[in-house]
Amino acid sequence: MSLKYEDVIAKYEPVLGLEVHVELGTASKMFCGCNTIFGAEPNTQTCPVCLGLPGALPVVNEKAIEYTIMIGLALNCSIAPFSRFARKNYFYPDMPKNFQTSQYDEPICINGFLDVEIDTDEGIKKFRVEIERVHMEEDTGKSLHMGGATGRIHGADYSLLDYNRAGIPLVEIVTKIVPGTGKYAPEVARAYVAELRDILRSLNVSDVKMEQGSLRCDANVSLRLIGSDVLGTRSETKNVNSLRSVERAVRGEMIRHAELLNKGERVVQETRHFQEDTGLTRSGRSKEQAEDYRYFPEPDLVPIVPDATWIETLRAALPEKPSTHRKRLQEAWSVPDKEMASMINADVLEIVEATVNLGADPAKARGWWLGEIARIANEKDVTAADLPITPKDVAEIVALVAAGELTDKLARQVIEAVIAGEGRPSEVIETRGIKVVSDDGALMAAIEKAIAAQPEVAEKVRGGNLPAAGALIGAVMKETEGQADAAKVRELLLKHLGQ
Amino acid sequence: MAEISRDDVANLARLARIDMAPAELDHLASELGVILNAVARVQEVAGQNVPPTSHPLPLQNVYRKDEVTPSLTPEAALSAAPASEEQRFKVPKILGEEA
Amino acid sequence: MIIKRNAADMAAALASGETTSVALTQAHLDRIAEVDKEVHAFLHVDSEGALAQAALADKKRAAGEKLSPLAGIPLALKDVMVQKGIPTTCGSKMLEGWRPPYDSTVVSKLRAADVVILGKTNMDEFAMGSSTENSAYGPTHNPWDLSRIPGGSGGGSSASLAAFEAPLAIGTDTGGSIRQPAAVTGTVGVKPTYGGVSRYGLVAFSSSLDQAGPCARTVLDAALLHEVIAGHDPKDSTSINAPVPAIVAAAKNGNVKGLKIGVIKELQGEGYQAGVLNRFNESLELLAGLGAEIVEVSCPYFEYALAAYYLIAPSECSSNLARFDAMRYGIRVGDASGVSAEEVMNLTREVGFGREVKRRIILGTYALSSGYYDAYYGSAQKVRTLIKQDFDNAFLKADVLVSPTAPTTAFKIGEKADDPIAMYLNDIATIPVNMAGICGMSLPSGLAEEDNLPTGFQIMAPAMKDDRLYNVGAALEAALLSKWGAPILSHVSGLGARA
Ligand SMILES: [Zn+2]
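Protein chains in written order, with my numbering: chain A, 1 to 499; chain B, 1001 to 1099; chain C, 2001 to 2499.
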């Protein structure tokens, strides 16, 4: 029986630290001119440099430096007047040189912060996450583990390596310990990663797709007894590749640590891997036998001494902060806090905005994305943004409803059909023959038919019992297969029955 | 003076991924001890106030434009591979976890 | 015999139509076939490729194309330099059979100048050594006495010149690997300013020290080759982006009148063979006779250079050589069912590397490891600063600095094989130049009276002042030639009647 979260936080204070790796969206790799297209055929985007062939030498991609400085500035960091690459030495088959060209004691950006807001028991509360450093490095290749039963590394007979990803520019953003989160540690972790992702997206420096690995989060968690200042041993959970998983991983690790500590056992300092299916972590490489990375300055690269005017130009060109942007939208759309929070939580703010920008009424756009579309997304266990329906589709539907050419009910059918892949809204309407029946003659025929079928109800309405009209309206709607405008039917019916 | 034990060398060999036999470890331990005693004299003059030199020339800010240049063909990339399969490098099973 | 001429004279013969590049190349291939069983300068001879390149040069000449001064001249390439499709082993079993899929920049420049590459020359494994005894493919023998070493690591290149197997060769110099072999074989070798010649495609030993350069039988030939391979390379971040000094002009107009020549007090005396010092002093007298002013300078920190070198070079090599792991290229040892990648790496590196290479990898791993970094690698980098300062001060007093190149003449094969420290002392006079990144030349200063073997005279100039080497070298060479009456290599005795 696992421990309850309330029992964990009653006794322990979580100590949280986050490391986020972001693949930059440059056209070419960090140190060579190879392409960076995701999903290319294996080993088609490699060269002597990124394969680590003997004799090959790296040359830094200027755009990667620029993007990293932009990230540092957006995270309120200082840009180091002098920084360098260093070699991190360890052997791993997916790393062609058996060292990673990274930054060590001289990172390019230091000492920043990012504020995040959490919906707490006491209302919206702000937490400041301090950034220790933002540094540049390179990604590794990808291995496929073959044979055995699981396709996992354990039990495999051999592995196949593809180095297309080796050398893609990577930025690592490391927080300081985030103090005072208390029971909200999982939510703070999630909100931080979400906010960071929004910032990176607004900077247009990465496609920040967690599911494709272009944004990856490692969560470091330890517990300390409330009232004690002795830090616990931390675990480092890798492979956390969705916002929801960030929250689950932190919560899960807090519970796991607490269970160990309560039993008088110790937490092992190790790397753990998050399992999407179970929400649990499993043990990875133990760090008991400490790795010794033997960092030293990369002799094949020269120091980075960014020009002050370059930095100021980049600073001046920074886009509006996502948090400021959200405040502005909230005001413009007059949305209450709670509903704003639910849009953020459902991760639909950006698509709603895009829909509004295409002319849709903010309340209607919000209503569709948070309502019908969110419901379908939920059913399919994906996010609304992943469904094959675009802001343009929704804006079109909103416009059709406003023009009286679709009823809400018909609009729902159109949305379902678009998501089912039947085409764009106009195509769905065309092929399904969906239209609002507003022709008085056709409606009157249906009304007379309904009255003939239920004469006693018609009598009641004639006698002034207006609510009874519902049954007749329902019959008309059924007869017209929902294509009639219910308000119009009601108007005609009541008039016909002398009301 | 620097004393290097066989265990020290074994640990270094592990870090350097070299599978040394015990006799080789012993031999290297004694050689390394001698060499380290000879090179340790750098410490005599390496004062606090001396800045380190890691690059012989004072170059800085050497970059390339973010432009895609041709890659090797996969055939060329894999041409020297001891083994390959499905256009990938085939390697023995990997024990460790990804870093 | 045309093969005994200098490259400049061969070029004149090609230009005048006296001979063709194909004939010249064939003459060298014949010479290699005749003597290389005894000398073992070459690891691979590319007869077919060389004759094809020669034919192309002849065709261009016949068509009246404008050609480089060395077009059609054969050259021997040190096996540390990558050449597309041609076996490149670096003298190591590890790379047995490896054919690189790309050209080094030096090779590209040689091709562009229509220089004919005869083949790859023997060397100490991964350029670690001073005798070429550390080659996995057996030692090279000194043409002056086949029982002696030809210097190292570039003993194959220097021996090929002294045996008239090639008029030009490419070497690389990390701590003296061009200059010391030149000294003990009676040839000329130049280590250009660090960054003067691209390192792209030079299989790295110690990245911050490695530098490729020309090897030849005369100062002018070295200058002509130096000019072909020098210049900025955007593929090498440490390449100097400035015009190459006018080295050929300097080699043609050697004149030391009024020049200040600084004799480094610390690079003579104890440990130097009497015959070496005698020839050095005679050369100084000749230079004084030509109008140079001889001054004495002191470089007190040079006594720490060897110690610092044997920390920096092994540290960098421990990282540079990590890529040889049996995964992507090179040999693979122990790959059997159930054996892991890690074990295969361990076994391959044990078998694939020779003793000296493993010794340096382990030493470098130690010097970089946490807890020892500051005491060893860090301190060595500080010594590097002090050595640079010594040079800076000395160059305030003199235009060039001079010393014997190597403390002794060629020793017997096997003589120092079991004493690494004694072996390391060979480089005592050449290492400071690499540590400071400046340029240096060795040229023959006559035969030592004790053993009738060649001695070398070293000239050192500030960074990017490589022309000064050629100016002084050409003046001294001319004075020595008129004193001797014939080039020193006319006395080469090891090959008996064939010499
Ligand atoms: Zn590449």
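Bear in mind the hints are in silico, worked out from the structure with no lab data behind them.
A portion of the hints provided could be inaccurate.
[Unchecked claim] Using 27 Å as the maximum straight-line C-alpha spacing, the simulated DSS-like pairs for lysine-lysine come out as follows: (1) B:K1065 <-> C:K2109; (2) A:K4 <-> A:K142; (3) C:K2252 <-> C:K2465; (4) A:K435 <-> A:K495; (5) A:K380 <-> A:K338; (6) A:K449 <-> A:K380; (7) A:K478 <-> A:K460; (8) C:K2066 <-> B:K1065; (9) C:K2109 <-> C:K2066; (10) A:K209 <-> B:K1065; (11) A:K327 <-> A:K392; (12) C:K2084 <-> C:K2260; (13) A:K449 <-> A:K488; (14) A:K126 <-> A:K209; (15) B:K1090 <-> C:K2260; (16) A:K321 <-> A:K338; (17) B:K1090 <-> C:K2093; (18) B:K1090 <-> A:K142.
[Stated by the list, open to error] Covered by chain B, per the in silico footprint, the following chain C stretches (three or more residues, Cβ under 8 Å): (19) 2068-2075; (20) 2119-2128; (21) 2156-2163; (22) 2339-2346; (23) 2363-2371; (24) 2378-2387.
On a predicted model such as this, the values are computed, not experimentally measured, just so you know.
Cβ coordinates follow ideal geometry from the N, Cα and C atoms, glycine included.
Enumerate the violated hints, using their earlier numbering and listing them in ascending order.
Hints 2, 6, 8, 12, 15, 19, 20 and 21 are the ones this structure does not satisfy, whereas the remaining hints hold.
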